[in-house]
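Kindly produce the complete structure, drawing on both the sequences and the hints.
Number of protein chains: 2
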Amino acid sequence: MKIRLICLNKTAKEYENLVAEYSKRIARYTKFDMVILPAVKGINASEEQQKKEAEKILAKIQSTSYVILLNETKPINSIGGKEYTSKQFANLLQQKMNASISELVFVIGGAYGFYQSVYDIAKEQVSLSKLTLPHQLVRLVFLEQLYRGFTILRGEKYHH
Amino acid sequence: MKIRLICLNKTAKEYENLVAEYSKRIARYTKFDMVILPAVKGINASEEQQKKEAEKILAKIQSTSYVILLNETKPINSIGGKEYTSKQFANLLQQKMNASISELVFVIGGAYGFYQSVYDIAKEQVSLSKLTLPHQLVRLVFLEQLYRGFTILRGEKYHH
Chain D
1 MKIRLICLNK TAKEYENLVA EYSKRIARYT KFDMVILPAV KGINASEEQQ
51 KKEAEKILAK IQSTSYVILL NETKPINSIG GKEYTSKQFA NLLQQKMNAS
101 ISELVFVIGG AYGFYQSVYD IAKEQVSLSK LTLPHQLVRL VFLEQLYRGF
151 TILRGEKYHH
Chain F
1 MKIRLICLNK TAKEYENLVA EYSKRIARYT KFDMVILPAV KGINASEEQQ
51 KKEAEKILAK IQSTSYVILL NETKPINSIG GKEYTSKQFA NLLQQKMNAS
101 ISELVFVIGG AYGFYQSVYD IAKEQVSLSK LTLPHQLVRL VFLEQLYRGF
151 TILRGEKYHH
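In order, the protein sequences belong to chains D and F. FYI, in our numbering the residues of the first sequence are 1 to 160. FYI, in our numbering the residues of the second sequence are 1 to 160.
These are calculated hints, taken from the structure and not from any lab test. All clues given are correct.
Remember, identical chains collapse to one label, so a pair may be satisfied in a single copy or spanning two.
Within a straight-line C-alpha distance of at most 25 Å, the following computed DSS-like cross-link-like pairs (lysine-lysine) qualify:
id, residue 1, residue 2
1, Lys41, Lys157
2, Lys13, Lys24
3, Lys10, Lys31
4, Lys13, Lys157
Owing to the predicted nature of the structure, the values given are computational and were not obtained by experimental measurement.
If you want it as structure tokens, here you go:
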């Protein structure tokens with residue numbers, strides 16, 4: 001199973017080494033890539049700008065891919081993401097592998113959340129925390145959990 | 001109100017800039033310091049080693065301080081930390097200021113959790129996520145939330 005992470009705005013300088021390190025570790029277990037798209041600016045982006053951003057996201061997702069949004073627990077205009085323990089998240093990965101999904105795509109949204117067309121193609125929403133985290137930190141926490149998930153599935157030492 | 005963060009093991013190189021940046025930002029709002037103690041090694045640390053580590057932690061806490069442990073949601077041998085949204089966490093800070101607490105101390109535990117003597121002096125436990133996070137990342141997420149908490153209380157732009 002291939003895994004793709006789609007996110008907006010390039011990785012901040014202070015996070016580059018950490019993001020690169022976890023990406024490298026994940027690549028030991030699965031085909032993994034990160035697609036980084038330019039973001040529309042600010043939470044007051046116009047409807048038209050949000051729509052364009054969403055189109056760019058959708059262009060990076062194949063119709064056969066299984067899409068999971070990384071979303072806050074209770075955003076204003078949606079049901080919100082489900083929280084997982086690290087073991088449950090590892091089990092989610094295992095389930096998707098068992099279901100012969102060829103590509104699993106995670107998407108981290110912009111400052112205003114996700115445009116409706118992105119919600120429409122998503123199968124699930126995952127929340128990393130009840131806390132509101134900056135996007136750069138969401139990226140790092142997600143990558144660490146993806147790596148941790150594989151170590152859990154392999155019964156390796158990293159997880160305790 | 002002074003705020004102290006007690007944690008084990010020095011900050012990893014890749015996290016240094018981020019930890020320094022958030023510490024600096026927090027210091028704009030409150031007296032803040034981090035106390036970093038050496039950790040006993042591994043999750044199989046002996047009872048005696050854990051006890052010594054706990055004594056070092058306790059030596060950095062005044063009897064008048066209000067102690068909050070940063071703990072996993074459901075660790076094996078305790079009730080576990082309560083999850084907060086960023087706004088709720090900001091309100092927790094405000095409550096402690098309103099209660100004229102002179103020093104608020106947060107403690108991030110070691111690989112095996114906390115020794116009983118540390119639990120004994122704690123008033124509350126906070127969990128940052130259902131996910132198991134590495135200690136370095138707990139430190140970063142906590143500092144970011146502490147900074148975010150103050151921006152929320154001040155109605156500043158950072159939070160949305």
